[in-house]
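Chemist: Here's the letter readout for the chains.
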Amino acid sequence: MSARVSPEIDGAVKAQFPLLERSVHGRPIVYLDSAASSQKPMAVLDAMDDYYRTVNANVHRGAYEIAAAATEQMEQARADVARFISAPSADEIVFTKNATEAMNLVARSWGGSNLGPADAIVLTEMEHHANIVPWHILAAERGFEIRWIPITHDGCLDLTDLDRLLDGAKLLSVTAMSNVLGTLNPIPRLAAAAHEAGALLSVDASQYVPHLPTDVGELGADFMVFTGHKMCGPTGVGVLWARMELLDAIPPFLGGGEMILDVTKEGFRPNTVPHKFEAGTPPIAEIVGLGAAVRYLEGLGMDAVRAHEVSLTGYALRTLTDRHGDDITVHGPSEPAQRGGVLSFVYRDVHPHDISQVLDQSGVCVRAGHHCAKPLMRCLGVTATTRASLYVYNDTSDIDSLADALGEVGALFGH
Amino acid sequence: MAGLEDLYREIILDHYRNPRNRGELECPPAQRSEGFNPLCGDEVVLTFEMDGDVVTDLRVGGYGCSISQASASMMSAAVIGKTIDEIRDLTRSFKAMMSIHEESIGGDGTEALDGAGESDGSTDGALRLGDLEALRGVVKFPVRIKCATLGWNALATGLDETAEGE
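Residue numbers (my numbering), protein chains in the order written: chain A, 76 to 490; chain B, 25 to 190.
In case anyone wonders, no lab produced these hints; they're calculated from the structure. Ideal Cβ positions, reconstructed from N, Cα and C, are used throughout, including at glycine.
Covered stretches of chain A (chain B as the covering partner; in silico rule of three or more C-beta atoms under 8 Å from a C-beta of chain B):
| id | stretch |
| --- | --- |
| 1 | 439-445 |
| 2 | 452-461 |
Taking beta-carbon pairs under 7 Å as the criterion, some of the chain B residues facing chain A (in silico):
| id | residue |
| --- | --- |
| 3 | Leu-28 |
| 4 | Cys-64 |
| 5 | Gly-65 |
| 6 | Cys-89 |
| 7 | Ser-90 |
Next comes chain A alone, as it looks inside the complex:
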């Protein structure tokens, strides 16, 4: 049962994540919440530690040795991230606080200068609140229409009315992979349809970039956002990628130091891209950590990461069904190749909070709640789900522990 599921990614990976050596309630930790935040490998922890111990200085304006080194490390990370998503230029990588701030930047800077009362944008029913609320806030100010692509019963986008929904719309903003259902959406097809209709495509890739080989050109995105802490990097750093002509055309988001070329009593001239969008001292150590995370994942190979997760997702779907039969229902696509390693499930009629509480006693970490996707919860007809999510360091033994611990839930709450 503890066989390796991928020849490329094996048990040695788990050993590179020090947190996974600890125990919880006297049991070895079984971390199944990577869709919320991933654990960090030694390579990332060491890079950040080395930065603070040997390099730490503010970036961009210091002539002295360590300030130059800090700037160089930060800009190296920008180049690493650009390479990781096959961006044409490192200057198209804008560092933000997280994916949420990056999406707010798109809404505020692009939406704020392009959307008015006669306009419309298109979202989907499976979006994270980070790709809903910024548009609600802006729509309340500017009065444009928000249209919604519905979902099918098996948790995929229902594209039947796509052309009608896109007719006259200026933007389609969609998740590449659902953080609740694991559904992988057909981004290239959506890009083609959006562009055909004269709309831009914005992609929330927070759950995609950490898990699949990513090429912004192949995806056909105009804007793409993701976050560092779900891809082995630290919290506090996210990324906006956009085509240079868009970044050039839209106004700055936050104002302050670094984002200007000149400031007078009458006004200011914005700096060049990407600095125009990076007001204030950036999270330098976190950016350095993200660069190390990217190089770590490249070392594993993103094709191997994906292969490992497809295999492990298949094992999880089979194991949970074999062990718990009709007691368990997993939301989302049933075919592992059409989804990521995010398993939202219902177990009997036990509330997700109770499930996660009992699993915690076995050291099994899963998330319970609405996963910041309340419109989707309403579509599914539930108020909350229990979600187990996988990453490079998980193996079949973690899935077996989940299945075992669910048995204890059944024993406690059985009728």
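Take the given structure of chain A and dock chain B to it, following the hints.
Modeler: For chain B alone, kept in the frame of chain A given last:
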């Protein structure tokens, strides 16, 4: 370290599996109050009837985890037949028991709870207080305190609105 048996006491699981006073009263004449936990989406819908300042009937609707549902069920059993003032005393005592601070300084919450029960004067008052006491273990699981107080906060809001309307 707190074990699950501190949280899922048998009497709590019993109230969860067999909730008391489940349902909804017609409004009006009944009044309605809702409690909502934005963290988990749990919802409790209380409908209650008053005769003067006495809550003569109360029904619990909504959905949620074992702790929020069991706590609301126990609350319904404890407050029917009590006056607004008695219920406010009981609510204060219950929330004191649910406070990490009160727990750490000793049994104040328990004494206040007993006092409220004695003032009730009904024969099964002690049994109902026993039910509420079973929720004491929730305080060892701070994330779940909001679950236990959801129904109580909804009732307090509803009674405040009733008092203001007079």
